[in-house]
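Modelling step: build the complete structure from the supplied sequences, incorporating the hints.
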Amino acid sequence: MAPPRYTPTEEQRRTVRTMAAYGIPQDAIARVVRCSEPTLRRAYRFELDTAVTEANARVAQCLFQQATTPGNIAATIFWLKARAGWREKQLVEVSGPNGAPPEPQKVVVVIREFGGAEDNDPVEGKPGPRLIEGQRA
Numbered sequence: 001m002a003p004p005r006y007t008p009t010e011e012q013r014r015t016v017r018t019m020a021a022y023g024i025p026q027d028a029i030a031r032v033v034r035c036s037e038p039t040l041r042r043a044y045r046f047e048l049d050t051a052v053t054e055a056n057a058r059v060a061q062c063l064f065q066q067a068t069t070p071g072n073i074a075a076t077i078f079w080l081k082a083r084a085g086w087r088e089k090q091l092v093e094v095s096g097p098n099g100a101p102p103e104p105q106k107v108v109v110v111i112r113e114f115g116g117a118e119d120n121d122p123v124e125g126k127p128g129p130r131l132i133e134g135q136r137a
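In this text, residue positions in the sequence shown follow my numbering: the first is 1, and each later residue adds one.
Don't read these hints as lab results, they were simulated from the structure.
By construction, the Cβ of each residue, glycine as well, lies at the ideal position given by its N, Cα and C atoms.
Possibly wrong hints are sitting among the right ones.
Stated by the list, open to error - With beta-carbon atoms standing in for the labels, derived distance ranges: (1) 18 x 83: 24 to 34 Å; (2) 60 x 1: 42 to 52 Å; (3) 86 x 59: 11 to 21 Å; (4) 31 x 92: 16 to 26 Å; (5) 8 x 68: 31 to 41 Å; (6) 37 x 94: 56 to 66 Å; (7) 82 x 18: 51 to 61 Å; (8) 59 x 31: 21 to 31 Å; (9) 59 x 34: 28 to 38 Å; (10) 86 x 7: 44 to 54 Å; (11) 61 x 23: 13 to 23 Å; (12) 66 x 38: 54 to 64 Å; (13) 105 x 23: 15 to 25 Å; (14) 5 x 32: 18 to 28 Å.
The following block contains the structure:
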């Protein structure tokens, strides 16, 4: 004889909906309502599918109300950045004296190769590394 089919109560459905909205993992929810994960997904499919969307809608509604209430500048700025695509733009302008373009800098690079026997790698006997020196002209 097959075991009796799992039938959730309305209170269990509210619990699953609330926990899923909070982001609780399904294995933890299944332990709370005392069923297996496959049974949780079968018996509470609607609650699991809609809980996060409903929670996000409630939070968005609260944020929208705060953003549209005079005096809550932080909520307004956050809403505009997150939802309206606004962003802070920092403009860095470099100029020379009296606003003229800056003078280009000239750099002199000297590469010296060491070739004497005293500069050879003691392990492999090959010439040592190159030395790069630089200075502004």
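Now for the hints, and whether the structure bears them out:
1. 18 x 83: 24 to 34 Å: holds, 26 Å
2. 60 x 1: 42 to 52 Å: With a Cβ separation near 49 Å, residue 60 and residue 1 satisfy 42 to 52 Å, so the hint holds.
3. 86 x 59: 11 to 21 Å: For residue 59 against residue 86, whose Cβ atoms are near 20 Å apart, the range 11 to 21 Å holds.
4. 31 x 92: 16 to 26 Å: About 54 Å separates the Cβ atoms of residue 31 and residue 92, which means 16 to 26 Å is violated.
5. 8 x 68: 31 to 41 Å: Roughly 39 Å apart at Cβ, these two residues keep to the hinted range, so it holds.
6. 37 x 94: 56 to 66 Å: At roughly 59 Å between Cβ atoms, residue 94 and residue 37 fall inside 56 to 66 Å, so the hint holds.
7. 82 x 18: 51 to 61 Å: 25 Å Cβ-Cβ, so the 51 to 61 Å window is violated.
8. 59 x 31: 21 to 31 Å: holds, 26 Å
9. 59 x 34: 28 to 38 Å: holds, 30 Å
10. 86 x 7: 44 to 54 Å: holds, 50 Å
11. 61 x 23: 13 to 23 Å: Cβ of residue 61 to Cβ of residue 23: about 18 Å, so the range 13 to 23 Å holds.
12. 66 x 38: 54 to 64 Å: Once the Cβ atoms are compared, 41 Å apart, the range 54 to 64 Å for residue 38 and residue 66 is violated.
13. 105 x 23: 15 to 25 Å: Between residue 105 and residue 23, where Cβ atoms are some 54 Å apart, the hint is violated.
14. 5 x 32: 18 to 28 Å: holds, 20 Å
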